[in-house]
Structures are given as C-alpha cells and as structure tokens.
Amino acid sequence: MAAPQIHELPSAEGLTEAPASSPMAKVWRAMWGNKTAFVGLVVLSVLVILSIFAPLIAPYPINQQVGQPFSPPSAHHLLGLDDAGYDVFSLLLYGMRISLLVGFSATVIASVLGTLIGVVAGYRGGVIDNLLMRLTDYFLVIPLLPLMIVVADLWGATLFHIIAVIGLLSWTMTAIVIRAQVRSLREYMFIRRARATGASHTRIIVQHILPQVMPLVVANTVLNISYAVFTETALAFLGIGDPSQVSLGTMIEFGFQRGAITDGAWWAIVPPGLLVTIIVLACSLIGRGIETTFNPRLSLAHLSMRRPRLIPGPGASQNSRAGGANGTSA
Amino acid sequence: MRSKSDYILRRIAAAVGTLFVAVSMNFLLFRILPGSAAVSMARVPGAGPGLREALTREFGLNHPLYVQYVLYLWQLVHLNLAVSFYYHQPVLGLLISDLGNTIPLVLLGTVFSVIFGVLTGVVGAWLRGSVFEHLSVVPALAFYATPVQWLGLMLILLFGSVLPTSGRSDPFLFNPSFMQESLSVLNHLILPSLTLGLVLYGQYTLIVRSAMLETLCEDYVLTAKAVGYTKPRILRAYALRNGILPVISVIALSAGFIVGGAILVETVFNYPGVGLAVYNAILNRDYPMLQGAFLILTVSVVLCNLVADLIYFRLDPRIT
Numbered sequence: 001m002a003a004p005q006i007h008e009l010p011s012a013e014g015l016t017e018a019p020a021s022s023p024m025a026k027v028w029r030a031m032w033g034n035k036t037a038f039v040g041l042v043v044l045s046v047l048v049i050l051s052i053f054a055p056l057i058a059p060y061p062i063n064q065q066v067g068q069p070f071s072p073p074s075a076h077h078l079l080g081l082d083d084a085g086y087d088v089f090s091l092l093l094y095g096m097r098i099s100l101l102v103g104f105s106a107t108v109i110a111s112v113l114g115t116l117i118g119v120v121a122g123y124r125g126g127v128i129d130n131l132l133m134r135l136t137d138y139f140l141v142i143p144l145l146p147l148m149i150v151v152a153d154l155w156g157a158t159l160f161h162i163i164a165v166i167g168l169l170s171w172t173m174t175a176i177v178i179r180a181q182v183r184s185l186r187e188y189m190f191i192r193r194a195r196a197t198g199a200s201h202t203r204i205i206v207q208h209i210l211p212q213v214m215p216l217v218v219a220n221t222v223l224n225i226s227y228a229v230f231t232e233t234a235l236a237f238l239g240i241g242d243p244s245q246v247s248l249g250t251m252i253e254f255g256f257q258r259g260a261i262t263d264g265a266w267w268a269i270v271p272p273g274l275l276v277t278i279i280v281l282a283c284s285l286i287g288r289g290i291e292t293t294f295n296p297r298l299s300l301a302h303l304s305m306r307r308p309r310l311i312p313g314p315g316a317s318q319n320s321r322a323g324g325a326n327g328t329s330a
Numbered sequence: 001m002r003s004k005s006d007y008i009l010r011r012i013a014a015a016v017g018t019l020f021v022a023v024s025m026n027f028l029l030f031r032i033l034p035g036s037a038a039v040s041m042a043r044v045p046g047a048g049p050g051l052r053e054a055l056t057r058e059f060g061l062n063h064p065l066y067v068q069y070v071l072y073l074w075q076l077v078h079l080n081l082a083v084s085f086y087y088h089q090p091v092l093g094l095l096i097s098d099l100g101n102t103i104p105l106v107l108l109g110t111v112f113s114v115i116f117g118v119l120t121g122v123v124g125a126w127l128r129g130s131v132f133e134h135l136s137v138v139p140a141l142a143f144y145a146t147p148v149q150w151l152g153l154m155l156i157l158l159f160g161s162v163l164p165t166s167g168r169s170d171p172f173l174f175n176p177s178f179m180q181e182s183l184s185v186l187n188h189l190i191l192p193s194l195t196l197g198l199v200l201y202g203q204y205t206l207i208v209r210s211a212m213l214e215t216l217c218e219d220y221v222l223t224a225k226a227v228g229y230t231k232p233r234i235l236r237a238y239a240l241r242n243g244i245l246p247v248i249s250v251i252a253l254s255a256g257f258i259v260g261g262a263i264l265v266e267t268v269f270n271y272p273g274v275g276l277a278v279y280n281a282i283l284n285r286d287y288p289m290l291q292g293a294f295l296i297l298t299v300s301v302v303l304c305n306l307v308a309d310l311i312y313f314r315l316d317p318r319i320t
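For the protein sequence lines, the chains are R and B, in the order given.
Under this note's numbering, think of the first position of the first sequence as 1, with each following residue one higher.
Under this note's numbering, think of the first position of the second sequence as 1, with each following residue one higher.
Please note: incorrect hints may appear among the correct ones.
Which bits of chain B does chain R cover? Going by a derived footprint, with three or more residues having C-beta under 8 angstroms, they are [claimed, not checked]:
(1) 69-76
(2) 140-148
(3) 154-167
(4) 289-298
Think of the hints as simulated: they come from the structure by calculation, not from any bench.
Here a beta-carbon is modelled for each residue, glycine too, at the ideal position from N, C-alpha and C.
Between the sequences and the hints, there should be enough to build the whole structure, so can you do that?
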C-alpha cells in the first residue's frame, strides 16, 4: 500500500494533481463499463419511468372495486385482485410510485446531511470533528428501526413525516465515508497549493473537495435509496404508514392483515415484495459498481447494512483507499 | 502506547455515554414531539379541563422539564419503567418475560446466519471464478435485498401447512409434559428464526468473502503456498482466522439491524417477544410500553456492541 508521502511527489498519478477528467465523468464511465452496475441502472430506470407514467399505464383506477375480491390472475387482471377487489397490477404501479418517492426524497435528505457533516468534520478536524463523530457513533449504535418507529409514531405518520424521519436518521454511513475521504484529501498537494495561494475554505471545499468526494456520495446515495425503500416497507408493515397512500409497504401489510395468506391469494402479496427486492438489488448493484471502480479493494464489503470497522485505524484505511484509487488510474 | 486496561475502560466509558444519551433521548422524544403521550391521554372524549389537570398532576407533568427529567432518571435507577396503559401492569415485568422469548429467537437466527454466511462466504472466496462463487454470491445478494416481513410471509405460504406459523407454543396441548412443551416451543421457533437467519446471512457471506479474498492476497499466504503447504492447510491455518475476524464486528454493528428484523419477524409470526410488544404498543397507543421496549432494545444493542468490542480486542492483538 502506498505510504502517505508518495502523494506529495510530483510524479504520483491520480489524485495528487488536480485530475484531468472530473470524477463525476468517471462515475458515468464506471456505470457504463461495469456490467452489474449497468444492469442495475437499466432496471432502476425502467422502474422509475414506469412509476412516473403510472397513471397512463395502470389499466384500472386504484380507488375502486373492479371485480370479485381475491380473483386470481386472468387476462383482464394480470396480477389478479386484492382483498377489496382492486386491481393488483395497477396498485403495484402506484405503490411503486410512493415507495420510490419516499426512497428518493429521504435519500436526498440523508445524502445532503451526511455529506455536509462528513465534509465539515473531515475538513475542520479538531473539536468539531470530535463532536460530530461522537454523534455519528451514537447513531451507528442505536437501533434505527425502533427509533424511527417511535419518532414517526409520536410525530404522526404522514407521508412527509415518514420521508423526513427516514432521511434525518440515515445519514450516518455517508458521513463516515465522506469524512474519511475528506481527511485524506485535505493533505493532498493540490489542496495545500490552493490554500497557499490564498483560496478561502469555502472555495477549497466547493472547488476541490466536493468534486473529489462526489463519486462516493453518489455510491452512498444509491445504496441509501435501497435502505430507505426497505425501511418504508418495514414501517408500513408495523402500521406506521400514511393510510391515504398506497405504497409497496402498505400492499404487503394489507396482504398480511386481510388474509391473503390464509386465502392462498399469493398474487396479492408476492408481487409487491418481489418488486421491493428488485429495487433494492438494482440500487445495490449500482452502488457496488461505482464503489468497486473507485476502490477495487473494497470489493463487496460495502453491501453490509453497516460497514465493519475494519482492523486498521483511520490513517491506515485512508491509505488503502488512496492506494486503491491510484491503482485504478495506473 | 496505550495499555490494555485503558482500551477496555475507554470502550466501557463510551458505552455508558451512549446509554446515557439514549436514556435522555428516550425521555425527550416522548415529551417534546407533538402529539406526545401526555397530551393524547387527556384527549378522552368528553373530558373536561379537570381530567387533564388531574392527569397532568398525576404524571408529574406540571413540573418544569428538568425536574421531570431528574424524576425520570430517579425512577429509572429504581428500575421503574412505568405502568402499561393497556395491560395495567409494570412495563418492566412484561418486557422481561418478552425478552425471554426474543433472546432464543434472535440467538438461533444469528447463529444460523453466521454459520451459513461464513460457509458460503469462504466457498465463494476459495472457489473464485467457478460456478460455486455465483452459487454463493447470488442467493446472498437476493436474500440481503428481501424485505424481512415479506420473506416471513413467503415462508408461511410455502411451509405453513407443515410447520406452526403463529405464537410461542401450541396452546391446545393438554397437560403437556416438559418434553412435549419444549418440542412445541422449538417447533414454533423454526420458521421465525429461519426468516431472521436468511435475511441476515447474506451480508455475512459478502463480508467473509471479501475479507477472505483480501487475506488470500496477503504475503504470508503466498509464502505458505511457496513453502508448499496444501490448500486446505493454508485455508485452515492462515486464511480462515483472519477472514472471519471482521464477522465479529459486523455482527455487533448489525445488532441494530437484527433488532429491527426481530420486530418484523415477531409481528409476522405473532411471536410474543419484545418486537411484538413494540407492534402492539403502536396499535394500542400504549406509550409507556413503547418507551420501555425502545429503551430495552437500545440497551441490549449497546451492550452487544460493547461485548463484541471486547471480544474483538481479545482476538486481535493489533488493536490499541
């Protein structure tokens, strides 16, 4: 693994000098180049398009009985009818809409918050870093689902509150990853030069640090989407969902509560769960593809819900990260 | 260079600190959030201002917030977690008997997932590039992505006719012997713990696999190969131990996730543990119960993390 000094040599490749092509361009290339990431991207895009155009595609309205409850799948009703005689295929399209809306919006909140905390902690260091990392440690240890249950239940389970709760409580991983990256970036030559020439901190962060951490932010964001979609179904299943909205989570809940299992109406309960699995898988594949491109050593480790605190201290892990990045460009 | 006892003390101090923050937050959440317990309690239909005032005084809500906080801590030190609105019994007693049901479920699920995860992970790394690698990674990814509650429902659909799907034991056993009762309890544990095990094992597979891949690239493994040790010996004596090490910290870090999974699994299988208590507390608007369950879950997770930290420290001399 590269020793830290190596990055200060003028000949060292990769991140030492301000890079030739922007990191975000690399993200796109990573997605096109990596087979699994590409598959994930295609699947996710198709699902997003389907849910955007749900009102045009859905064959039946979702607030109206269109046949005998629990009718099995037929030519008229591709996935049969649910307990109230609603068309499952139409519900699925609309449900995916809400689930993805929750997933994407909560992720935006989590990513912005996580990046902000990570950049500030990593760049400022000292007391602020210490305080922010204590906070992060705390949220890393606390069981998040029970916490979300308590907050959402007390606050009132509207769609907006659920988005806010998931978003505000799941920024931890992003913050940790970004902080580690920023801390190592801070010592690179081009940042030091920028500081020496009198660039302000804001300028350094916006111009030099943010573009460099963007790939990691994107990778974490995509992984966060899967986490948020997952959590929405869990909350909905426990009765903490907006009763006025159909989501994939509430579909699973209804299937459970209203006897789809005992009636053997598998078509009312298999599709929503399968769709959640596909969304989560697609996001995992994309996130994993981006991360492995930027750090081949990471391989599959990031797929854990929470990253293991691997053996070496922060200094060592930064080197391995930087070493990996250099490895790709060499 | 820090000493060993110093490290242990720091870990314990950190755990105590986290617990303190958790307890304080537990207090604040239920006082500050809109629609908090006390307000909704006084919202009985047809209640006059008198009831509200009586309730407020009875629960000590007329005191300023910091006095309430001290009172709360004081009661907590005496292990008083208040009385359930719904069951009219002390929350702690109810939750402890629930915890007695949850622990076997979680243990069984975790043990299954760790054994299965380590096995498939090692196979995936060792037979890299063969069909077996895909056979190990693809199911791991799929189960990892599956919603817990849905997987439980799928297992009920598949095995519901052969295995019990609800409750802790068969309530219709007539005057059962100890053997019969235990068998019934075990039988009822199969599907819930299998569900939990299946959703958990995927991440262990992936982590063991990547840790093993990394270990197999280390110089000492290369040296062992050059010396001419057989493959199984290298695996057993050199790679496995280092490859499995991260699993311990991952189990600890996923303790929060395991708890979340347990809530869902217990709800699906109507299994009377702390998770089902959470679910019922939400249904019944039983805030003392919800608060108590949240506290118990948090304390367990923090303690698990502490224990894992200490085990890890014992196993890996490199940590300081």
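Against the structure, the hints come out as follows:
1. Note: the region 69-76 of chain B has 0 residues with beta-carbon separation from chain R under 8 angstroms; the three-residue rule is not met and the coverage is violated.
2. Counting residues of the region 140-148 of chain B whose C-beta sits closer than 8 angstroms to any C-beta of chain R gives 7, which meets the bar of three, so the coverage hint holds.
3. Coverage of the region 154-167 of chain B by chain R holds [criterion: at least 3 residues with CB-CB distance below 8 angstroms; count 4].
4. Counting residues of the region 289-298 of chain B whose C-beta lies closer than 8 angstroms to any C-beta of chain R gives 6; at least three are required, and the coverage claim holds.
Checked against the numbered hints listed earlier, the structure breaks hint 1 alone; every other hint is satisfied.
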